[in-house]
Amino acid sequence: MGEVELSCRAYVKMYLHACLFPRCSINGLLLSSSSAGGAVCVTDCVPLLHSHLPLAPITQLALTQVDVWCSQTQQRIVGYYQANACVSDSSPTPCALKIADKIAEQFDNAVLLMLDGGKMSPDYRVPPIVMYERKDSRWTLKDKHTIMLRQWEETRAIAGQMLESGDHTLLVDFDSHLDDITKDWTNQKLNTKIAELASPANGNI
Amino acid sequence: MASVSEMYDVGWEEMRDKLRKWREDNCRNSEQIVDVGEELISEHASKLGDDIWIIYEQVMIAALDCSRDDLALTCLQELRKQFPDSHRVKRLSGMRLEALERKRKISILKAQGKSAEAIRELNEYLEQFVGDQEAWHELSELYINEHDYGKAAFCLEELMMTNPHNHLYCEQYAEVKYTQGGLENLELSRKYFAQALRLNNRNMRALFGLYMSASHIAASPKVSAKVKKDNMKYAAWAATQINKAYKLAGRGNKENKCSMKAVEEMLESMQITMS
Chain B
1 MGEVELSCRA YVKMYLHACL FPRCSINGLL LSSSSAGGAV CVTDCVPLLH SHLPLAPITQ
61 LALTQVDVWC SQTQQRIVGY YQANACVSDS SPTPCALKIA DKIAEQFDNA VLLMLDGGKM
121 SPDYRVPPIV MYERKDSRWT LKDKHTIMLR QWEETRAIAG QMLESGDHTL LVDFDSHLDD
181 ITKDWTNQKL NTKIAELASP ANGNI
Chain F
1 MASVSEMYDV GWEEMRDKLR KWREDNCRNS EQIVDVGEEL ISEHASKLGD DIWIIYEQVM
61 IAALDCSRDD LALTCLQELR KQFPDSHRVK RLSGMRLEAL ERKRKISILK AQGKSAEAIR
121 ELNEYLEQFV GDQEAWHELS ELYINEHDYG KAAFCLEELM MTNPHNHLYC EQYAEVKYTQ
181 GGLENLELSR KYFAQALRLN NRNMRALFGL YMSASHIAAS PKVSAKVKKD NMKYAAWAAT
241 QINKAYKLAG RGNKENKCSM KAVEEMLESM QITMS
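Line order of the protein sequences matches chains B and F.
In terms of the working numbering, the first sequence opens at residue 1 and continues consecutively.
In terms of the working numbering, the second sequence opens at residue 1 and continues consecutively.
These are calculated hints, taken from the structure and not from any lab test.
Check each hint, because a few of them may be wrong.
Unchecked claim - Below are the SDA-like pairs computed for lysine to any residue, each with C-alpha atoms no more than 25 Å apart in a straight line: (1) B:Lys-102 / F:His-147; (2) B:Lys-183 / F:Val-130; (3) F:Lys-191 / B:Leu-97; (4) B:Lys-119 / F:Lys-247; (5) F:Lys-261 / B:Lys-144; (6) B:Lys-98 / B:Trp-139; (7) F:Lys-222 / B:Gln-60; (8) B:Lys-189 / F:Glu-265; (9) B:Lys-98 / F:Gln-180; (10) B:Lys-102 / F:Lys-21; (11) B:Lys-98 / F:Glu-146; (12) B:Lys-183 / F:Leu-248; (13) B:Lys-189 / F:Leu-109; (14) F:Lys-247 / B:Trp-139; (15) B:Lys-98 / B:Lys-144; (16) F:Lys-247 / B:Ser-176; (17) B:Lys-189 / F:Cys-258; (18) F:Lys-151 / B:Ser-35; (19) F:Lys-191 / B:Thr-64; (20) F:Lys-244 / B:Leu-178; (21) F:Lys-21 / F:Val-130.
Quick caveat, the model's predicted, so the values are computed rather than measured.
Here chain B stands alone, though its shape is the one from the complex (with noise of 0.2 Å):
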């Protein structure tokens, strides 16, 4: 189908929750500030869970708060990640396609990303995801050349240095939120520690 962007700010943070919580399944949304059309440009994503993943009321609370913060601030959910405990098996698990499908439902284009646990030491020079989109009401495998990570060394390096420097502490997901409501689940002094650290060009898309 669509082409699909993933900014620096998105990947890193997706690559920081799932090293924070490194034997937990952890999962969250993807976000867009662009407007729809053409390819969907993956903006920012908001960790979500690191515990209970199928439990119902908390994703519902947290997709609906996600959601009203989007209009507040013009960005829309456009897809969903995940990341297993079980390093060796990426492949979406129901309730990961139950959330990805209620997604798909606002966004035609919603895509499903799950994070490979098995490749993301430093040794890996490719992006560890795999993307799935909606084909035919099924969720299939994305065609790697239809995804694209603008300056990835340049990103990959960001996420690997935030990460030496323990910067993936001042991560908070949704369940993070819960636990301490002072704690802000939209991440911006990461998102600002991570402008810094990008190019002009790795910036803002």
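The hints should help you fit chain F onto chain B, whose structure is shown.
What follows is chain F alone, placed relative to chain B:
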């Protein structure tokens, strides 16, 4: 942390007698046995006379149940020293090794993603070590990941029974019920979210859960006017508490401005759809 004797204002004799009573009644309260027994052993060993050996055995078994292998090993070592050729002690030793071995096996299965086998092994383990809270919780998580909510609920019911003051188990049980869906489960979930709040009024998941479950019940076409009214009241109360909590959190804190605004608007919009 305060000692058992300080917290409950009891002397060592009462603690010893409590342990005896629990032995005679075959009680499953492993955590209590560990708390009382550990203190008794470390502070009053010399006063216990020959009772100490049966107490070591009792505490060792309870410690295995609570995943307190450090304590289990200490008790076992004392028993070995005193009764070097005893079959009974050898059996206890075997029990400990078996518990450790099985736990290790289960961890490996989990890491390999072999959930069905991990579940089977964990069930077998719990048949023997029926008081191991950690294991029950692990099993509930495995069932949740397998979408077997009925069995997950069963595990959480076990945990709630032995830990009636634990707000987290109540809240997780409520979440499972909510996920199972249907009016009856929604009402149960609302009740348990409310119970979790009674145990800890700062549990935000329980507060939001109460709000959402009550809202859904109120919006259901199948309920009577009274039930609808009651649940709208619960939802309204929860919404007030949520707003209060977020206002408090927002004071002098620019950081979570975005999340605050999102909650405010969400609550407002849900009110509109409900009325």
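_When the structure is checked against the list of hints, which entries are broken? Sort them ascending._
2, 3, 4, 5, 10, 13, 14 and 18
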